[in-house]
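A.B. asks: Listed in order, the protein sequences are those of chains A and B. So the first sequence is numbered by the numbering used here: it starts at 87 and just counts up by one. So the second sequence is numbered by the numbering used here: it starts at 41 and just counts up by one.
No lab work stands behind these hints: they were computed from the structure. Keep in mind it's a predicted model, so treat the numbers as computed, not measured. Treat the hints with care, as some may be off.
Residues on chain A that point at chain B, a partial pick, calculated with CB under 7 Å [as the list claims (entries may be wrong)]: (1) E119; (2) D122; (3) D123; (4) T124; (5) A129; (6) V131; (7) V133; (8) A134; (9) F170; (10) E171.
Cβ coordinates follow ideal geometry from the N, Cα and C atoms, glycine included.
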Amino acid sequence: MLALRPNSVTLDSLPLEHVAHIIIDRAAESLIEEWDDTGPHAAFVDVAQQRTTIKVTHTVETGALAGFAVPAPPALGASVTLTFETALAGSDGARRRITASAVVTAVKHDVTASLTTRTITLIAASASGTSDPIAIEEV
Amino acid sequence: MSSYKSLDLFGSGPHRFIDPVEGQQIVLRLAIGQTLPGSLSLGAQEIIVRIEGRLVADDDEKLSMKIDDIRAQLDNYATTGTLEDHHGRQWEDLRFARFEPDGPRRRGRTCSLAYIAKFYR
Numbered sequence: 087m088l089a090l091r092p093n094s095v096t097l098d099s100l101p102l103e104h105v106a107h108i109i110i111d112r113a114a115e116s117l118i119e120e121w122d123d124t125g126p127h128a129a130f131v132d133v134a135q136q137r138t139t140i141k142v143t144h145t146v147e148t149g150a151l152a153g154f155a156v157p158a159p160p161a162l163g164a165s166v167t168l169t170f171e172t173a174l175a176g177s178d179g180a181r182r183r184i185t186a187s188a189v190v191t192a193v194k195h196d197v198t199a200s201l202t203t204r205t206i207t208l209i210a211a212s213a214s215g216t217s218d219p220i221a222i223e224e225v
Numbered sequence: 041m042s043s044y045k046s047l048d049l050f051g052s053g054p055h056r057f058i059d060p061v062e063g064q065q066i067v068l069r070l071a072i073g074q075t076l077p078g079s080l081s082l083g084a085q086e087i088i089v090r091i092e093g094r095l096v097a098d099d100d101e102k103l104s105m106k107i108d109d110i111r112a113q114l115d116n117y118a119t120t121g122t123l124e125d126h127h128g129r130q131w132e133d134l135r136f137a138r139f140e141p142d143g144p145r146r147r148g149r150t151c152s153l154a155y156i157a158k159f160y161r
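For reference, chain B alone in the conformation it holds in the complex (with noise of 0.2 Å):
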């Protein structure tokens, strides 16, 4: 099971972490005002970790709640906390930023979302 602050926020349905862009964060030149050829290194690049799932409840009102239960914790921007992915790799002083739906609640034999969550370091 995945967490974020030990919660269960993603379990109703399935998703996956995506590794976040290890290195450097490089910008042109050219687009911090230098007429110079070339990019420079701004410092380590930020983390960046999403997954990509799909919400899945009942019926439009359970998963509603399962919603909820996310903006709560994105109204907690302020406070970080340890992300746990499926097989226990952990990332720390991650703040949850950014919940996406990635289309139209989708209604069959369950009401379900797919979305895209970012956690920012």
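So that you can see chain A by itself, here it is in the shape it has in the complex (with noise of 0.2 Å):
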């Protein structure tokens, strides 16, 4: 999933000013492949461990690097909601807002001469286990 400027970003309550974009990637963290005596080819795949991991990639102010003005970005191993809403190409039609449970695993940042970017990492957690960690609704 990805999410260009995405609208009303906030982690666990705090404004996220500047949201370039937000990509949510899911990978098999375990697969099964199994093959059986019939052929060369895999009689049975499943994903037994999944990873869903979310960037949330915003501009920080040049100038706010050195002060306060921009919030602190939240502690790695911090536990937070990440609400965003989005649109079909930023249309206000189809509006959804996601909202994920996860936990902070990097802040990164990326300097050039015209802009800087906070990318912060996520990995998304579900309560239940089986349940999608991202939750999508209409808004």
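Assembly of the complex is requested from the two constituent chains, each provided in isolation within its own frame, with the hints serving as guidance.
C.D. replies: Written as structure tokens, this is what we have:
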């Protein structure tokens, strides 16, 4: 999932400004592949464990880096709730609110002459283990 | 389809047959109390056919039912049966002796369990 310029982005109710994009990737963390005696191709494939990684990238005012105007990024290991709204092609139609419970695993900055961005990486966690940690609802 | 005593015990998921070791059962003389060099034969190697595979079910309960079916055959160890692989190859007079889970149940799209099953003659 890719959300370009999402609106109303919050981390634990704290607004996050100037978010350029949010990427939600899913990948198999534990893959089951089995073959049988009938031929060379896998006869059974399943994903027994999966990882949902969220990357929130927002621009940071250059002057604010040394100051305190920008809220400090969440601490590594912090369990937070990320929410944001997005719509197809930035339109007002079919708006969705996405909510995810996740744990912060990295905070990195990328500084160029004209732009400074901060990327917060989170891994989504499901309270039950079975439900999708990414909840999507119509706004 | 493979079978044991004409029952499809393992067909819910992929499984492979491992051929038995052939020949003589060899032991070191030292292992049976002889202080002599070398080994000797105790006779023909017993036939052990292994199946390595994965039971697959929609959920935990259905997987447990498949294991119950297998346990019922393990309880019938006293009686022998014919084991047949996917290609019609048969081993006769085998006893179903062991069913060994090979790791935890895995829960994804399905609920599954890797295993090793052993048949002896």
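A.B. asks: So, for every hint listed, does it hold in this structure?
C.D. replies: Status of each hint after checking the structure:
Proximity of A/E119 to chain B is violated relative to the hint, the smallest CB-CB distance being about 10 Å (cut-off 7 Å). Because the smallest distance between the Cβ of A/D122 and any Cβ of chain B comes to about 4 Å, under 7 Å, the interface hint for this residue holds. About 5 Å separates the beta-carbon of A/D123 from the nearest beta-carbon of chain B, less than 7 Å, and the hint is met. For the restraint placing A/T124 at the interface with chain B, the shortest Cβ-Cβ distance is roughly 6 Å, inside the 7 Å limit, so the hint holds.
The restraint placing A/A129 at the interface with chain B holds, with a minimum CB-CB distance near 4 Å, inside the 7 Å limit. For A/V131, the suggested interface contact is broken, since its CB lies about 9 Å from the closest CB of chain B, more than 7 Å. Using the Cβ-Cβ criterion of 7 Å, the hint placing A/V133 at the interface with chain B is satisfied: the shortest such distance is roughly 5 Å. Hint status for A/A134: holds, given a least beta-carbon distance of 4 Å to chain B, under 7 Å.
Hint on A/F170 is violated. Least Cβ distance to chain B is approximately 28 Å, over the 7 Å limit. Interface restraint check: A/E171 against chain B, minimum CB-CB distance 31 Å, threshold 7 Å, status violated.
Hint violations for this structure: numbers 1, 6, 9 and 10, all remaining hints satisfied.
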